[in-house]
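The lines below spell out each chain.
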Amino acid sequence: MSSRISELRLEKVSRSFGGVPALDGFDLTIKGGEFVALLGPSGCGKSTALNCLAGLLPLSGGSIWLDDKRIDTVPPEQRGFGMVFQNYALFPHMSVRGNIAFGLRMARVGKAEAQRRVDEALSLVQLVDHAEKFPGQLSGGQQQRVAIARAIVLEPSLVLMDEPLSNLDAKLRLEMRTEIKRIHQTLGLTTVYVTHDQEEALSLADRLVLLRDGRVQQIGAPEDVYTEPANRFVAGFMGYRNELELPVTSVADKSVVLGDLNGTRREDLGQVAVAAIRPEDFTVGDGPNAMEVDVEVVEYQGREQAVQARTASGEQLHLRAVARLAPGDRVTVSVPPERVLVFAADSPAAPEKVA
Amino acid sequence: MATQAGAAASVADARMALRHRLADRGLDRTLLLLLPAVIFIVALFIYPFVYGLQLSFQPQPGSEAVQQYGSGPFADYHNFFADPYLRNTIWTTLKLSLPGALFNVIASVPIAYRMRGRFRGKRTITTILVVPITLGTVLTAEGLLAFMGPTGWLNRLLLDVGIVDHPVRFTHNYWGVLFSLIISGFPFAFLLTLSYLSGIDPTLERAAATLGAGWWQRFRHITLPLLAPGLGITFCLSFVLAFSVFPSAIMVGDPSRQTRVISIAAFHAAFEQYDYSMASAIAMIMGAVELIVIGLVLGWRSRLYRGATGGKG
Ligand SMILES: Nc1ncnc2c1ncn2[C@@H]1O[C@H](COP(=O)(O)OP(=O)(O)O)[C@@H](O)[C@H]1O
Ligand SMILES: [Mg+2]
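Top to bottom, those sequences are chains S and A. With this note's numbering applied, the first sequence closes on residue 355, and no number is skipped along the way. With this note's numbering applied, the second sequence closes on residue 313, and no number is skipped along the way.
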C-alpha cells in the first residue's frame, strides 16, 4: 500500500453544503513526491478539499484518480492516505506509542515490524523519550509531532495536513515548519498541505494552489505566485499590501501609466485601475516613480522598520525602510515600474485581514 | 482629623487583609450562597438517614425480631438475614435491576451512537425516545397491562394471526416488571449516554478512519474506551433507579413470589406490621447493597482512562 504514486488527479471536484458550493470545479494534478500547498483565507474551501481527498466528505461532483484508479468512491479507511488534523486529534486514551502504532495495528503489521517502524517514526520526530507518555502530558508542539508521526508511519501514498501549525505559538510554528520540511525531504512523501498563512505556504511548498470562495485563483511555483500574482486577490494575499486606485492615463501593451505612476499591466483594464505594490519594493530615495510622502507611524523591527506614510494626495502607504525614519519626516520614495502591478479596479480584492 | 482618617484607613486595610487571607484559603462571601443547598441536604437527606439508621438499631418491643432474636441492636438485621422470605428479596431485586440496568445501558449505546450527528428528524426521534420518562411508573404499568396483558393488543394480535392459541403471559410475572423497568429506565440511560457520546471529539473517529480503521474498529478502539467511564456512571444511576422498583413490581409483577422485591418487604414492615425499625433496617440493607454494586462498578471504572475526550462536553 505504501508504494509511491506517480500522479494524483482531481477532476472538476465539487462539494456543496445545502446548495452553497464550498468547492467548485477544482482541477489539480499532483505528481509523486510533490509538496502542494492549498492557500486561501478562512472559509475558502481548503478543508473541504482536503476532506474530499481523504474520503471524509463525499463529493457533490467530479472525480479523483490515483494513477488509473478512481478513488473518490473508496471509503477513507481503504484509501491509505495519512492525515494530520488541525486539532491533532490524538487518541487521548493511548500512549504516544499506541497512537503511532494504531495504523500499523489496523493494517495487521507483525509485532516486531510494527515496533521497529514506530521506533523509526519516533526518532524521526524526535520523541523517543516521550514514547510512553499520554497526549495530555505533552506540549502542543510535541502533540503535533505525534500527529505527524502517526500519519507518516504507514508511509502513505499521500499525506494530508490541515493547518497543522495554526494552534502553535509563533516560535514553535517556525520550528515545526522546518521539521515538516525536513521530514518531507527525508521521506519524499507526496503531501497536500492546507494553510491560510502565505509565508508558511511559500516556504514549504513546491507548488501553491490559491483558492477563493471554492474556486482556484492561481496554481504555480512559489516564486511565480509571489512575483506574478494572477489577479488582485492573489496579489493582496501574497503581500501586495498597498492598493492605489487611480485613473488610467495610457496603456501600451504591458506597461501602463496611472496618473503619474508607471506600472505593469496584469489584466484588461477599464477606466480606473488598481496598482498593487509590496511594502518591501519601495526604496527610500530618488528613482523611478518617485513620490513625496509624510511619515506617520514607524515600527522598529530590527534590521528594518515598517513605515506607514501618506502621499500628497492623501493615500496611505505601507513601506519598509532600512534608513532611520521618524514620524513627521517628509521623504521621497520610489518603486520600479515592473514592481507596480496593475489590475482592473472591479476585480475582487483579498480580505482585509488575512486569517 | 488626619489621625482619625488614618485610623479609619488602617482598619479598612486590616479588613482587606483578612478578606485576602480568607480568599487565599478559598473562602469568600459567595460561599454563603451555598447555605440554602446545605440546609436542604441536611434536612432532606442526612437527617432522615441518621434517624433511620438509629431507628434500625432499636428493635420494636414485641416485634417478631425481638421475640426471636432478643432486643439487641442487631435483632432486626439478624431477623432479615435469617428469614429466607426476607433475605431472598435481595436476590429477587438484583435479578430484576441488574439485567434491567445492563440492558438499558447496552441498548442505549448503538441508538445514541446513530443519533449523535445532525440529521433531519432528530428532535422528533429524541422526543419519542424520551417521552416515557415523563409518564411515571404507574402510567407505564397501566400501559403495559393494556398492551401486553392477557387481553391486551399484543396477545389479541398473536391470537388473531394464529402464532399462539392461548394468551401468552407477559405480565404479572418477572418479565412484566423487567419490561416496565426497561420502558421507564431506557430514556434516562439514553439521554446520559447521548450526552457522554457528544462529549467525544468526532475528529478522533475520522483520524482513525484515515489510519485504516473500519466502523467497528473505530467504535471498538476509539469510541467505546472513551465512552466506558460514562457508561459506568450511567449503569450505576440506572441500577439505583431500578433497584428501588416498587409500583410496577406490584402492578405488573407477581408481588408475593416472583417479584417480591426488597421495597415491598420494607413497605410490608412499615405499613402492614407497623414495625418502623424493621422497615428502617431493610432500607439500610437496600442502601448497603446499592453501595456495594456502585463500589464494584466505580472500582472497575477507576482502571479506565478518564481524562479529556476532546469534545465540546
Ligand atoms: N459541514 C458543513 N456544513 C455546512 N457548511 C460547511 C460545512 N463545512 C464547511 N462548510 C462551509 O464551506 C465553506 C468552506 O469551508 P472550509 O473548507 O472549512 O474552509 P477553510 O478550511 O478554507 O477555512 C465555508 O463557507 C463553510 O461555512
Ligand atoms: Mg479549515
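In short, the hints are calculated from the structure, not lab data. Hints are not guaranteed to be accurate.
Derived pair list, reagent style SDA-like, types lysine to any residue, alpha-carbon separation capped at 20 angstroms [unchecked claim]:
| hint | chain 1 | residue 1 | chain 2 | residue 2 |
| --- | --- | --- | --- | --- |
| 1 | S | LYS111 | A | GLY307 |
| 2 | S | LYS171 | A | ARG306 |
| 3 | S | LYS111 | A | LEU296 |
| 4 | S | LYS133 | A | ALA308 |
| 5 | S | LYS133 | A | ARG306 |
| 6 | S | LYS133 | S | ARG117 |
| 7 | S | LYS133 | A | GLY307 |
| 8 | S | LYS31 | S | LEU66 |
| 9 | S | LYS171 | S | ILE183 |
| 10 | S | LYS171 | S | LYS133 |
| 11 | S | LYS133 | A | GLU64 |
| 12 | S | LYS133 | A | GLN217 |
| 13 | S | LYS133 | A | HIS221 |
Okay, the calculated beta carbon distance ranges per label pair [stated by the list, open to error]:
| hint | chain 1 | residue 1 | chain 2 | residue 2 | range |
| --- | --- | --- | --- | --- | --- |
| 14 | S | SER63 | A | GLY214 | 56 to 66 angstroms |
| 15 | S | PRO58 | A | PHE267 | 34 to 44 angstroms |
| 16 | S | SER139 | A | ARG306 | 54 to 64 angstroms |
A quick note: this is a predicted structure, and the numbers were derived from the prediction, not measured. Backbone N, C-alpha and C fix where the C-beta goes; we use that ideal spot for every residue, glycine too.
*Verdict for SER139 (chain S), ARG306 (chain A) (Cβ pair) under range 54 to 64 angstroms*: violated, 22 angstroms
*asked:* Check the hint pairing LYS133 (chain S) with ARG306 (chain A) against an upper bound of 20 angstroms on the C-alpha distance.
replied: holds, 15 angstroms
_Restraint status (C-alpha distance of LYS133 (chain S) to GLN217 (chain A) at most 20 angstroms)_ = With Cα atoms ~23 angstroms apart, LYS133 (chain S) and GLN217 (chain A) exceed 20 angstroms; violated.
*Proposed proximity, GLY307 (chain A) with LYS111 (chain S) (alpha carbon, max 20 angstroms)*: Violated: LYS111 (chain S) and GLY307 (chain A) sit about 28 angstroms apart, past 20 angstroms.
*asked:* Hint check: LYS133 (chain S) vs ALA308 (chain A), CA-CA at most 20 angstroms. Holds or violated?
replied: Answer holds: LYS133 (chain S) to ALA308 (chain A) is near 15 angstroms, not above 20 angstroms.
*Quick one, are LYS133 (chain S) and GLY307 (chain A) close enough, alpha carbons at most 20 angstroms?*
holds, 13 angstroms
*asked:* So if I understand the rule, the pair passes when the alpha-carbon distance is 20 angstroms or less; does LYS133 (chain S) with HIS221 (chain A) pass?
replied: Holds. LYS133 (chain S) to HIS221 (chain A) sits at ~18 angstroms (cutoff 20 angstroms).
_Between the beta carbons of PRO58 (chain S) and PHE267 (chain A), is the distance compatible with 34 to 44 angstroms?_
violated, 59 angstroms
*Sort out whether ILE183 (chain S) lies within 20 angstroms of LYS171 (chain S), counting only the CA atoms.*
Given pair LYS171 (chain S), ILE183 (chain S) holds - Cα atoms ~19 angstroms apart, limit 20 angstroms.
_LYS171 (chain S) paired with ARG306 (chain A) [C-alpha distance capped at 20 angstroms]_ = violated, 32 angstroms
*Pair hint outcome, LYS171 (chain S) versus LYS133 (chain S) [Cα-Cα no greater than 20 angstroms]*: Roughly 24 angstroms between the alpha carbons, so the hint for LYS171 (chain S) and LYS133 (chain S) is violated.
*asked:* Holds or violated: LYS111 (chain S) and LEU296 (chain A), Cα atoms, limit 20 angstroms.
replied: violated, 35 angstroms
Going down the numbered hints, you'll see the structure goes against 1, 2, 3, 10, 11, 12, 14, 15, 16, while the others check out.
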